[in-house]
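Trainee: Could you build the full structure based on these sequences and the hints that come with them?
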Amino acid sequence: MGHSNVWNSHPKNYGPGSRTCRVCGNPHGLIRKYGLMCCRQCFRSNAKEIGFIKVSVPANSIIAKELLSPPYRCYFLALGYAEDVMLEET
Numbered sequence: 000m001g002h003s004n005v006w007n008s009h010p011k012n013y014g015p016g017s018r019t020c021r022v023c024g025n026p027h028g029l030i031r032k033y034g035l036m037c038c039r040q041c042f043r044s045n046a047k048e049i050g051f052i053k054v055s056v057p058a059n060s061i062i063a064k065e066l067l068s069p070p071y072r073c074y075f076l077a078l079g080y081a082e083d084v085m086l087e088e089t
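Numbering-wise (numbering that gives the first Met the number 0), the sequence shown opens with residue 0 and increments by one.
Derived by calculation from the structure, the hints in this document are not laboratory data.
One thing to keep in mind: the hints can contain errors.
Between beta-carbon pairs, the in silico distance windows are [what the hints assert, rightly or not]: (1) 46 x 18: 16 to 26 Å; (2) 19 x 51: 13 to 23 Å; (3) 60 x 12: 45 to 55 Å; (4) 49 x 11: 20 to 30 Å; (5) 10 x 54: 33 to 43 Å; (6) 16 x 49: 22 to 32 Å; (7) 6 x 61: 51 to 61 Å; (8) 14 x 54: 33 to 43 Å.
Ideal Cβ positions, reconstructed from N, Cα and C, are used throughout, including at glycine.
Mentor: Okay, structure coming up:
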């Protein structure tokens, strides 16, 4: 087996190298949640067509206080929303 035959000689059926964006083929920044299989750049440009919407919640509302309670707080921290709501509150 020569040097040119070594690269990509093993099939990639699992792991991060086996998955690419279904829109552009980029393997980096892939969003796999809900079966999207879409990179973050393509997701931002196509989010409205897919059906995702941004939700703005006032800091003093009951919903915001409930969402910032322990069961949901981790999700909003991961999305970057909790920090915005906490800044509005103070």
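Trainee: Each hint: holds or not?
Mentor: Hints, verified against the model:
{"no.": "1", "hint": "46 x 18: 16 to 26 Å", "result": "20 Å, holds"}
{"no.": "2", "hint": "19 x 51: 13 to 23 Å", "result": "21 Å, holds"}
{"no.": "3", "hint": "60 x 12: 45 to 55 Å", "result": "47 Å, holds"}
{"no.": "4", "hint": "49 x 11: 20 to 30 Å", "result": "27 Å, holds"}
{"no.": "5", "hint": "10 x 54: 33 to 43 Å", "result": "42 Å, holds"}
{"no.": "6", "hint": "16 x 49: 22 to 32 Å", "result": "25 Å, holds"}
{"no.": "7", "hint": "6 x 61: 51 to 61 Å", "result": "57 Å, holds"}
{"no.": "8", "hint": "14 x 54: 33 to 43 Å", "result": "34 Å, holds"}
Of the numbered hints listed earlier, not one is contradicted by the structure.
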